[in-house]
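Visitor: Spelled out, the chains give:
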Amino acid sequence: MTVSKVLLCLDADDQPSVFDSVVALDAGVDHLLRHGGVRPENVRDLAYGLLFTRAVSSLRHSAIFIGGSDAPQGESLLKAAVDAFFGPFRVSVMLDANGCNTTAAAAVLAAGRHVALADAVVTVLAATGPVGRRIVRLLAREGARVRVASRRQIHAEGVCDRIAAAVPGAQLTPVTIDSAAAAEDAIEGVQAVVSCGPPQIELLTADQRKSARGLQVAIDLNAVPPHGLGGVQPTDAGESRDGHVCYGALGVGKHKMKIHRAAIGRLFLRNDLVLDAEEIYALGKEMQHAAG
Amino acid sequence: MTVSKVLLCLDADDQPSVFDSVVALDAGVDHLLRHGGVRPENVRDLAYGLLFTRAVSSLRHSAIFIGGSDAPQGESLLKAAVDAFFGPFRVSVMLDANGCNTTAAAAVLAAGRHVALADAVVTVLAATGPVGRRIVRLLAREGARVRVASRRQIHAEGVCDRIAAAVPGAQLTPVTIDSAAAAEDAIEGVQAVVSCGPPQIELLTADQRKSARGLQVAIDLNAVPPHGLGGVQPTDAGESRDGHVCYGALGVGKHKMKIHRAAIGRLFLRNDLVLDAEEIYALGKEMQHAAG
Amino acid sequence: MTVSKVLLCLDADDQPSVFDSVVALDAGVDHLLRHGGVRPENVRDLAYGLLFTRAVSSLRHSAIFIGGSDAPQGESLLKAAVDAFFGPFRVSVMLDANGCNTTAAAAVLAAGRHVALADAVVTVLAATGPVGRRIVRLLAREGARVRVASRRQIHAEGVCDRIAAAVPGAQLTPVTIDSAAAAEDAIEGVQAVVSCGPPQIELLTADQRKSARGLQVAIDLNAVPPHGLGGVQPTDAGESRDGHVCYGALGVGKHKMKIHRAAIGRLFLRNDLVLDAEEIYALGKEMQHAAG
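Residue numbers (my numbering), protein chains in the order written: chain A, 1 to 292; chain B, 1 to 292; chain C, 1 to 292.
Keep in mind that the hints are not guaranteed to be accurate.
Pairs count within a copy or across copies, as identical chains cannot be separated in the list.
Calculated cross-link-like contacts (lysine-lysine; reagent style BS3-like; alpha-carbon spacing at most 30 Å) [as the list claims (entries may be wrong)]: (1) K254 - K5; (2) K254 - K285; (3) K210 - K79; (4) K254 - K79; (5) K5 - K258; (6) K5 - K79; (7) K79 - K285; (8) K254 - K210; (9) K5 - K210; (10) K285 - K258.
For the record, the hints were derived by calculation from the structure and aren't laboratory data.
Bound conformation, chain A alone (with noise of 0.2 Å):
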């Protein structure tokens, strides 16, 4: 007997994701059981279903994917999901509900591209997000100094203490921006800004934008018109424009898609990965290694 890759496909939503699917599909993975409208209370059982039918030998060809377009809730699934596995009885674990993990990733490897993180100043806006969080969290891991601006302090505030204890060592600094002359503080002086915010609300205009000292790299997240950063195109993908290297949502979301492939890929060579923001931003930046 061949043993298939089964991917049990967990999603918070009424119907499940499709671009999930085909992206698994495009990866490998042999068949597909998908579950939308997934409580946290329904994981475990699901979860059995995988562990108590293949030999312990053979549990890597089976793995878990939690997508979806709620990363919050994607993140109880997971939570449920490594909560169901004792002993040998587990298998690997993806969580990309929304793409935050994957767009995370590629937007933190654009900025890495172009400047020493270690040694930069990264502001984040609308840091508050599931997408938003993960950037930050990964920039501070490479020991960036990360502003973390939202509209309100106590956002901004929350984000930076939850990191802080859970990366020892961060460097962050809560930053509101609540006006257009707070705007242009929150870039001054830094050398990357990565804009997370919701389609259609421009968080920077162009000017704002050009007139920043130091700046290097603008990345914009946001796919819809107007884009959060003014003159920065969805299709960028390292274009200079004012100086500065600039990538939009689509050219992110290129790479993005190869992270998200490859981390489905990995799922199926051990059973116990449990691939959140982190193992995929390290996958990422061993594929940009092995590319040159």
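Following the hints, complete the assembly by docking chains B and C onto the known chain A.
Guide: Same frame as chain A, but now just chains B and C:
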């Protein structure tokens, strides 16, 4: 990487159609992504999951099938899918909810094998449902003069008005059937009659059918007795009865299945097809010619 | 066209069983059509989707598996499926909701490896659940005298009455266990005891078991401690303890899995099998003989 054939199956019913799935698998689809309970507002994100996961040059390997038991809901899903496409970001899509298109195509092709449609008068009974309306439309495009029959005058007129607006030069006559005499009048002097009524309702007795002068072809799409046309058997596939060439629901269905499978196969040849009644009928016609 | 093996999985639970799906894939099924939240009134149309898509000569490549966590609901779905079949329009179908049939078969086969069932007295504890009832039924058919034990007299009698009606000559004694003394009486002088109670409930202490005269085989289907039979370990698969041959839930489960996989494979040999307790037990027996 070999790119597998992925078919996104959208279905308004809570339980997605098994029928549609088996036909798709037998037509060579590698992976089905089956969705039940789909509403028009769900379609864009589901379709995006196809559009943004593969290179544009590979999008012909992804396609959408809209099935289920409810044709009008299927029409809404088709519109939502086509609305989600933009520029080169599109995939081929087929509508066949409740078999409306493949059944209509097979029924009109059956009629056309025995009478020259462009010169014929054809009566469509119970013409106001999804299958009936499509049959009227296809007949009108072939140049037939069509008597559009319903129990209610206003429904028959509504169908005529809508099809006249869509098919330039369509020759349509609304016919109200509110008595046995009206039923007899409706088929007097026509070359073919197609009955599209619901299961277990006889629309014409065998005697009425036999006494219709000039009638050559009788097609009945109701598989559950009492059948729509008295004396026509479900398995009839060109049988001669009382001087009429007869087709029953199963006789038409056999050809319908071949068209359905061929249409699924065609979806994967290009990424820009919209297979609705006319396109599926044209495909059936090609198949008929190819078969000699 | 190679006809692929398609298995329609019907499940009353909202989230269809992952366990059942992985077993089916490992048994060689090519495509699963998985349905959760299935009610008996949904089954006909779903089954028709198999019956009307392939030629009768190919229907053995389509089959139905009824799983999920609720055996009585599974029984209702099985009835609805069989009711949908007519004439040659049928596919093979297997019921194993909550593993009721494969577990019962494996448990009775385990007992039969060590005692001659036709000459034995066997006690079934917590015999009124789906697994317990099936074990009583299979034992009765093998000619064993069965003590049918429950905490409530009326439940024990109900099971006896129903099985006596189904199995001519069945030798059944209802037993009420409402005290420690009653538990001891229930196994006094029997050759085998099978415990079918729920997780975390001990039905017999180790001391009670040890003091039962004549007891040779102790089988416990409760995997979550406290186990049903004191001292029997979940992984026991014929281990000798205190002079008893012991089987625990995992020990029985290993054989159960083999029977489950083999039964799935068998579904695709013909299109007219109904695999319920007796048929699955017979298959397990064949496998045991073949293995020597």
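Visitor: If you check each hint against the structure, which ones fail?
Guide: 3, 9
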